[in-house]
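Peer 1: Sequence:
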Amino acid sequence: MQTAKYPLDLKGIVSFLLLANGLGWLVVSPLWLSGQGLQHPLVGLILPALMFTPALATLIVTRWISRPPEGMRTATGLRLGKGYRWGWYWLFAWVGITLMIFASPFVAALFGVYQLDVQTFSGFAANVEQAGGLPAGMSIQTIVLIQLATVLIAPILNGLFTFGEEWGWRGYLLPQLLPLGQWPALLISGVIWGLWHAPVILLGYNYPDHLATGWLMMVAMTTVWGILLGWTRLATGSVWPAVIGHGALNGAAGIVFLLHAEGTTFDTALVGVTGVTGWIIPLLFIGVLILTKQLPVRHAPDEARMTAEPALTVTQAAA
Numbered sequence: 008m009q010t011a012k013y014p015l016d017l018k019g020i021v022s023f024l025l026l027a028n029g030l031g032w033l034v035v036s037p038l039w040l041s042g043q044g045l046q047h048p049l050v051g052l053i054l055p056a057l058m059f060t061p062a063l064a065t066l067i068v069t070r071w072i073s074r075p076p077e078g079m080r081t082a083t084g085l086r087l088g089k090g091y092r093w094g095w096y097w098l099f100a101w102v103g104i105t106l107m108i109f110a111s112p113f114v115a116a117l118f119g120v121y122q123l124d125v126q127t128f129s130g131f132a133a134n135v136e137q138a139g140g141l142p143a144g145m146s147i148q149t150i151v152l153i154q155l156a157t158v159l160i161a162p163i164l165n166g167l168f169t170f171g172e173e174w175g176w177r178g179y180l181l182p183q184l185l186p187l188g189q190w191p192a193l194l195i196s197g198v199i200w201g202l203w204h205a206p207v208i209l210l211g212y213n214y215p216d217h218l219a220t221g222w223l224m225m226v227a228m229t230t231v232w233g234i235l236l237g238w239t240r241l242a243t244g245s246v247w248p249a250v251i252g253h254g255a256l257n258g259a260a261g262i263v264f265l266l267h268a269e270g271t272t273f274d275t276a277l278v279g280v281t282g283v284t285g286w287i288i289p290l291l292f293i294g295v296l297i298l299t300k301q302l303p304v305r306h307a308p309d310e311a312r313m314t315a316e317p318a319l320t321v322t323q324a325a326a
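Whatever position you read off the sequence shown (first residue = 1), add 7 for the numbering used here.
FYI, nobody ran anything at the bench for these hints, they're computed from the structure.
Values in this document were obtained by computation on a predicted structure and should not be read as measured data.
Quick reminder that beta carbons are idealized off the backbone N, C-alpha and C, glycines included.
Where hints are given, some of them may not hold.
[As the list claims (entries may be wrong)] Pairwise CB distance ranges, derived in the manner of DEER restraints: (1) Leu-187 with Pro-215: 41 to 47 Å; (2) Ala-311 with Ile-72: 22 to 28 Å; (3) Thr-271 with Leu-40: 32 to 38 Å.
Starting from the given sequences, assemble the full structure and let the hints guide the process.
Peer 2: Here you go:
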């Protein structure tokens, strides 16, 4: 009996979710058990280690629990991309997402929730002074330019760590959810990505002023940005643009600390990558993708691959 052309692999999906979240809580447990939270002396090692738990879950599931018939490399997007335009998605992930984040402080300023200083960079200068002052012979403007240049190469520098997450969320999980349809797959994978952060968000990570509701903000954030990262995955059949785009997110997020005025504060729930005003431009871009019929993706490589395979029942797929 055939129930769908490519039914959900419930065994693989459930195993992945249990492993990714279970390993995540296990890695973060020292922060909780010590009572030190984000002040734990090993937090600088624990947080990067946390990022690799989705990749470890993907490896375990695809190697030993529910092997994809087409092989791990194809099923999880470990290829450059399909189609003649795949390179443009890499460029968007690198440059487009970075530019969106660079624009976010200006959007926040328009809404009156952030005060800019793009002349003297007084807020950043005060932080530098507090940390020991400027290096001899260098101006604050020079330091800012160096910081901005670093941001431009951050997607590659961060790629090792963001691969740890993206191989799980966009590499494995997103295509596994495609039998539900592209929009449900994008939204569900985005929500799951956000909830996976709960062990550190509940300790004040990203939203230190919102301990009780920060996880909701994180889910909203990962859903918005996850649609864009997922779009690159669906359009190319490759996880690498999402790895680069995630690296851009992490690398450029600190722009709000470079441009704020001295003596002012800002709420991360309202400003920057993590805040509501930071989601306006990506949401507008998603709207453009919908209007131009780029989303849902037509002829998505993973859908074509799955449809071409022999139909299985849910029971067979989970066996």
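Peer 1: Has the hinted range 22 to 28 Å been met by the Cβ atoms of Ala-311 and Ile-72?
Peer 2: Since the Cβ atoms of Ala-311 and Ile-72 sit about 25 Å apart, the hinted range of 22 to 28 Å holds.
Peer 1: State, for the Cβ atoms of Leu-187 and Pro-215, whether the hinted interval 41 to 47 Å holds or is violated.
Peer 2: Given a distance of about 35 Å, which is not inside 41 to 47 Å, the answer is violated.
Peer 1: Can the suggested window of 32 to 38 Å be confirmed for the beta-carbon pair Thr-271 and Leu-40?
Peer 2: 37 Å, holds
Violated hint: 1 only; the structure is consistent with all others.
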